[in-house]
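All chains should be modelled from the sequences, with the hints used to inform the complete structure.
As you go down the protein sequences, you meet chains A and B in turn.
Residue numbers for the first sequence follow UniProt numbering, so the first one is 1 and each next one is one higher.
Residue numbers for the second sequence follow UniProt numbering, so the first one is 1 and each next one is one higher.
Mixed in with the good hints there might be a few duds.
It does not matter which identical chain is meant; a pair holds if it fits inside one copy or across any two.
[Stated by the list, open to error] The calculated lysine to aspartate or glutamate pairs, modelled on EDC-like cross-linking and capped at a C-alpha distance of 16 Å, are: (1) 191 / 75; (2) 390 / 349; (3) 271 / 378; (4) 243 / 128; (5) 311 / 392; (6) 315 / 292; (7) 390 / 306; (8) 25 / 170; (9) 243 / 306; (10) 61 / 272; (11) 108 / 87; (12) 61 / 34; (13) 315 / 409; (14) 116 / 88; (15) 373 / 385; (16) 191 / 409; (17) 25 / 165.
Derived by calculation from the structure, the hints in this document are not laboratory data.
Single-letter residue listing:
2 protein chains.
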Amino acid sequence: MKKLVCFFALCLSITVFAQDKAAIKSQVAHAIEELRDFIAIPNDALNPDDIDRNISWLKRKFGDRGFNTAELATENLPLFFAATPMEDNKPTILIYMHFDGQSVEPSKWNQPDPYKTVLKKPTANGFETVSFNELNDDINYDYRLFGRSTSDDKGPIVMFLNAIDLLKKDGKEIPFNVKVILDGEEEKSSKPLPKAVQQYRELLEADFLLIADGPIHASGRPTVVYGCRGITTMTLTTYGPIKPQHSGHYGNYAPNPGFQLAQLLSGMKDKEGRVTIPGYYDGITVNEDIIEVLRSVPDSDEAIADKLQFKTAEKVGGFYQESLQYPSLNVRGLGSGWIGPKSRTIVPESATAELDLRLVPESDGTRLKNLVKSYISEQGYHVLDHVPSKSERMANDKIVTVTEGSVTDAFRTDLNSPFGVSLVQTLESTFDAEVVRFRIMGGTVPIAPFINELQIPAFLVPMVNPDNNQHSPNENLKIGQLAYGIQALYAILSTNPQ
Amino acid sequence: MKKLVCFFALCLSITVFAQDKAAIKSQVAHAIEELRDFIAIPNDALNPDDIDRNISWLKRKFGDRGFNTAELATENLPLFFAATPMEDNKPTILIYMHFDGQSVEPSKWNQPDPYKTVLKKPTANGFETVSFNELNDDINYDYRLFGRSTSDDKGPIVMFLNAIDLLKKDGKEIPFNVKVILDGEEEKSSKPLPKAVQQYRELLEADFLLIADGPIHASGRPTVVYGCRGITTMTLTTYGPIKPQHSGHYGNYAPNPGFQLAQLLSGMKDKEGRVTIPGYYDGITVNEDIIEVLRSVPDSDEAIADKLQFKTAEKVGGFYQESLQYPSLNVRGLGSGWIGPKSRTIVPESATAELDLRLVPESDGTRLKNLVKSYISEQGYHVLDHVPSKSERMANDKIVTVTEGSVTDAFRTDLNSPFGVSLVQTLESTFDAEVVRFRIMGGTVPIAPFINELQIPAFLVPMVNPDNNQHSPNENLKIGQLAYGIQALYAILSTNPQ
Numbered sequence: 001m002k003k004l005v006c007f008f009a010l011c012l013s014i015t016v017f018a019q020d021k022a023a024i025k026s027q028v029a030h031a032i033e034e035l036r037d038f039i040a041i042p043n044d045a046l047n048p049d050d051i052d053r054n055i056s057w058l059k060r061k062f063g064d065r066g067f068n069t070a071e072l073a074t075e076n077l078p079l080f081f082a083a084t085p086m087e088d089n090k091p092t093i094l095i096y097m098h099f100d101g102q103s104v105e106p107s108k109w110n111q112p113d114p115y116k117t118v119l120k121k122p123t124a125n126g127f128e129t130v131s132f133n134e135l136n137d138d139i140n141y142d143y144r145l146f147g148r149s150t151s152d153d154k155g156p157i158v159m160f161l162n163a164i165d166l167l168k169k170d171g172k173e174i175p176f177n178v179k180v181i182l183d184g185e186e187e188k189s190s191k192p193l194p195k196a197v198q199q200y201r202e203l204l205e206a207d208f209l210l211i212a213d214g215p216i217h218a219s220g221r222p223t224v225v226y227g228c229r230g231i232t233t234m235t236l237t238t239y240g241p242i243k244p245q246h247s248g249h250y251g252n253y254a255p256n257p258g259f260q261l262a263q264l265l266s267g268m269k270d271k272e273g274r275v276t277i278p279g280y281y282d283g284i285t286v287n288e289d290i291i292e293v294l295r296s297v298p299d300s301d302e303a304i305a306d307k308l309q310f311k312t313a314e315k316v317g318g319f320y321q322e323s324l325q326y327p328s329l330n331v332r333g334l335g336s337g338w339i340g341p342k343s344r345t346i347v348p349e350s351a352t353a354e355l356d357l358r359l360v361p362e363s364d365g366t367r368l369k370n371l372v373k374s375y376i377s378e379q380g381y382h383v384l385d386h387v388p389s390k391s392e393r394m395a396n397d398k399i400v401t402v403t404e405g406s407v408t409d410a411f412r413t414d415l416n417s418p419f420g421v422s423l424v425q426t427l428e429s430t431f432d433a434e435v436v437r438f439r440i441m442g443g444t445v446p447i448a449p450f451i452n453e454l455q456i457p458a459f460l461v462p463m464v465n466p467d468n469n470q471h472s473p474n475e476n477l478k479i480g481q482l483a484y485g486i487q488a489l490y491a492i493l494s495t496n497p498q
Numbered sequence: 001m002k003k004l005v006c007f008f009a010l011c012l013s014i015t016v017f018a019q020d021k022a023a024i025k026s027q028v029a030h031a032i033e034e035l036r037d038f039i040a041i042p043n044d045a046l047n048p049d050d051i052d053r054n055i056s057w058l059k060r061k062f063g064d065r066g067f068n069t070a071e072l073a074t075e076n077l078p079l080f081f082a083a084t085p086m087e088d089n090k091p092t093i094l095i096y097m098h099f100d101g102q103s104v105e106p107s108k109w110n111q112p113d114p115y116k117t118v119l120k121k122p123t124a125n126g127f128e129t130v131s132f133n134e135l136n137d138d139i140n141y142d143y144r145l146f147g148r149s150t151s152d153d154k155g156p157i158v159m160f161l162n163a164i165d166l167l168k169k170d171g172k173e174i175p176f177n178v179k180v181i182l183d184g185e186e187e188k189s190s191k192p193l194p195k196a197v198q199q200y201r202e203l204l205e206a207d208f209l210l211i212a213d214g215p216i217h218a219s220g221r222p223t224v225v226y227g228c229r230g231i232t233t234m235t236l237t238t239y240g241p242i243k244p245q246h247s248g249h250y251g252n253y254a255p256n257p258g259f260q261l262a263q264l265l266s267g268m269k270d271k272e273g274r275v276t277i278p279g280y281y282d283g284i285t286v287n288e289d290i291i292e293v294l295r296s297v298p299d300s301d302e303a304i305a306d307k308l309q310f311k312t313a314e315k316v317g318g319f320y321q322e323s324l325q326y327p328s329l330n331v332r333g334l335g336s337g338w339i340g341p342k343s344r345t346i347v348p349e350s351a352t353a354e355l356d357l358r359l360v361p362e363s364d365g366t367r368l369k370n371l372v373k374s375y376i377s378e379q380g381y382h383v384l385d386h387v388p389s390k391s392e393r394m395a396n397d398k399i400v401t402v403t404e405g406s407v408t409d410a411f412r413t414d415l416n417s418p419f420g421v422s423l424v425q426t427l428e429s430t431f432d433a434e435v436v437r438f439r440i441m442g443g444t445v446p447i448a449p450f451i452n453e454l455q456i457p458a459f460l461v462p463m464v465n466p467d468n469n470q471h472s473p474n475e476n477l478k479i480g481q482l483a484y485g486i487q488a489l490y491a492i493l494s495t496n497p498q
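Listed below in structure tokens is the structure:
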């Protein structure tokens with residue numbers, strides 16, 4: 001990796017230039033038209049033709065800007081790759097975004113077609129559809145574009161393309177080799193990605209990875225995320241009678257799988273939500289320096305409690321951001337027999353708990369799952385990876401079937417990584433606002449294989465408004481964020497890292 | 001209640017007479033035709049017209065046998081009542097049966113119409129439909145009649161009618177006043193019954209209650225049941241965030257309702273299934289005499305374990321029949337978020353456990369529910385009978401909503417009740433087999449209000465084969481049981497209780 005120093009003076013001059021408001025607005029106007037055109041191509045990865053049509057569009061748009069482009073075959077749908085001609089003396093930045101979107105249910109949207117972008121202005125009661133002609137006189141940054149993937153994640157791709165345009169108009173040379181990798185299956189968990197990254201390792205080689213996905217902090221301040229928790233899952237099933245039995249005939253005689261499951265789960269955590277399985281939190285240190293960064297995130301624990309309507313949070317961390325530094329053990333689902341109007345007077349045949357374990361870099365997913373399994377064994381349960389046979393049932397008093405999900409690793413880039421320091425300074429000077437720095441985000445992105453394979457510092461630089469209805473009907477992008485993203489990428493791509 | 005002594009010699013003479021096999025077979029042949037005719041009238045209590053048509057049939061059939069009949073209006077569908085002309089010097093026997101049946105799904109039956117009785121003979125692979133002409137030469141007691149309510153519970157009504165016929169043919173005087181009450185909503189929980197029994201208290205007054213419903217013991221031996229457990233239900237709901245939250249963002253921060261529920265439930269029982277809530281088993285004594293009766297039931301705990309495929313039963317009682325002498329606490333359902341393919345990475349908004357509590361006479365349902373609620377309070381939970389408001393959520397760390405079902409009481413007639421002693425002797429001498437005596441049955445019958453209102457000894461005398469597919473498709477009655485029921489009722493109704 002090339003050494004990186006930010007020339008602060010240069011950053012400032014860029015900032016002044018990029019903040020020529022008229023030039024930005026004109027570029028935003030262009031970006032709106034380009035985004036409408038892009039959104040109009042449906043992008044559900046369940047339809048491979050959708051992905052092909054989007055790739056054709058991307059080839060043309062990146063080609064027009066002087067990028068070399070390629071379609072990278074994978075085990076499933078292709079990835080799109082673009083790069084500026086490589087120059088040996090420049091560091092290389094790899095940008096990851098995705099062009100597929102969540103599946104749509106048009107009937108749930110307040111517009112006829114989620115792929116036909118609608119312009120709306122904010123009102124006292126929400127949003128009101130207006131004609132695009134309203135933008136002719138002035139681009140109102142509070143107006144929003146509604147459509148699937150306006151925010152997640154076609155918007156950032158269009159911001160990138162228009163930042164490139166603006167850099168060209170300003171005659172700026174980009175002090176990086178720029179590689180762009182665009183995923184077509186992110187919303188379907190990017191399953192082919194890990195193998196593809198291994199296969200195309202050399203092509204993807206870079207000094208830093210920048211991920212433009214997800215929303216900025218709710219405060220509206222520029223945001224940089226240094227890591228994401230990973231995830232793995234476990235399914236635990238306990239057993240009662242082989243078929244559901246009449247609870248009159250067999251209640252307090254046939255073993256009850258619900259009580260067994262309850263007893264197993266209840267021993268995994270204390271009453272304040274801390275995992276009590278030995279070793280679960282091993283290796284994690286949250287020192288004063290880290291606490292300081294975590295405290296700098298302008299979250300309000302009181303506001304979260306008020307919004308989610310609970311009195312006291314679990315006590316894994318002392319406050320919200322600290323809690324994210326630890327792996328979680330979450331009961332995401334419970335099921336046995338029936339509840340509600342369908343409930344029947346039976347001793348159910350089984351009871352199931354679905355667990356998810358969010359991981360941090362110190363907590364290897366396989367290690368944590370083994371700890372949970374050891375704990376279960378120590379409670380006197382026979383742990384199986386399959387539904388027990390009759391002979392297994394007759395030979396063991398207590399049986400748990402444990403099914404394990406795959407592991408998506410966590411990643412976390414050092415807060416003092418030089419490119420990260422430069423990134424933060426660039427954003428702070430561009431927007432004259434303190435950057436919100438997340439040491440690690442609670443959620444998981446399928447990007448971890450990149451980072452683990454390429455072994456480079458990685459940063460999420462979110463571009464879109466937090467209230468964008470990502471993954472839901474009425475997804476939208478605030479036009480002001482389109483301007484934000486163009487400016488942010490302009491500044492990042494024109495800041496000489498040497 | 002009149003004093004009751006069984007003249008054993010008389011019983012024997014009756015037996016000899018009633019066992020004139022040709023006379024019985026001839027009566028069975030008549031009963032088969034009468035049952036086919038009765039089954040042909042659909043009897044789903046969801047259709048009041050069905051119930052009316054059945055009552056018309058019953059009025060005619062009981063009227064033909066010299067009974068006075070009446071339709072008793074209730075809050076919902078009418079009950080059918082019939083009685084012989086009352087004579088002051090005779091004790092009165094009240095017989096409860098029901099003529100409604102479970103709803104049918106014809107497509108799940110192996111015959112075109114569940115209300116059109118089909119005759120089947122047993123084969124190596126199950127049953128094979130045969131023509132009713134096959135009965136012309138001989139009534140084969142191993143053949144079966146398939147149709148809705150053949151066993152549950154029109155069969156016993158037809159057995160009763162034909163026992164009356166046979167008594168008349170034999171010129172026997174019935175040494176009882178006989179009252180018959182036939183329920184038309186038993187399969188829909190007999191909701192109007194408690195009030196109706198109060199309303200018609202005088203009409204229903206009797207010295208003993210005999211309930212002809214349910215199957216005999218699997219051994220095929222004559223069976224008398226002295227009691228049934230009652231039932232009540234509770235629904236417990238714990239709360240997480242007000243709406244499901246992303247488990248990455250809020251896992252190990254927002255309270256997890258599944259863990260809370262698990263911790264609550266796990267403290268209610270020990271690991272061997274005994275309820276540990278203080279007072280739950282108060283008042284129950286199972287002494288050596290009782291144990292002897294319980295042991296006399298020809299159950300095999302090993303066979304139950306083998307059939308239900310578990311190694312060790314819960315330890316509430318030392319063996320199956322003993323376990324039924326205690327109230328149960330059964331988790332009949334658990335639900336939170338989703339399990340299986342629909343599961344999502346969320347912190348669910350709530351978790352629910354559906355409990356049923358089977359009751360014994362010592363265990364008042366309201367008292368047990370209060371014990372459970374006290375236990376929950378002692379664990380630091382705020383117990384509500386409604387979904388918490390925001391202010392309740394913000395003021396209390398741990399909240400449980402408890403919803404309570406109504407209570408159906410248990411009943412249990414003394415094993416030494418004189419009529420019961422006579423009943424057992426009559427059956428034993430009629431069938432030359434030891435009667436299986438159940439001190440209490442695990443399940444619940446909606447008959448408890450009768451017994452509690454009328455305060456008379458009550459006995460279930462089941463008539464039908466245990467493998468009758470009651471409540472399911474392909475319900476059937478073994479023709480031999482039709483003969484059994486006619487003989488049993490003949491013997492009971494001709495045994496002078498004075």
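Hint check, failures only | 4, 6, 10, 11, 13, 14
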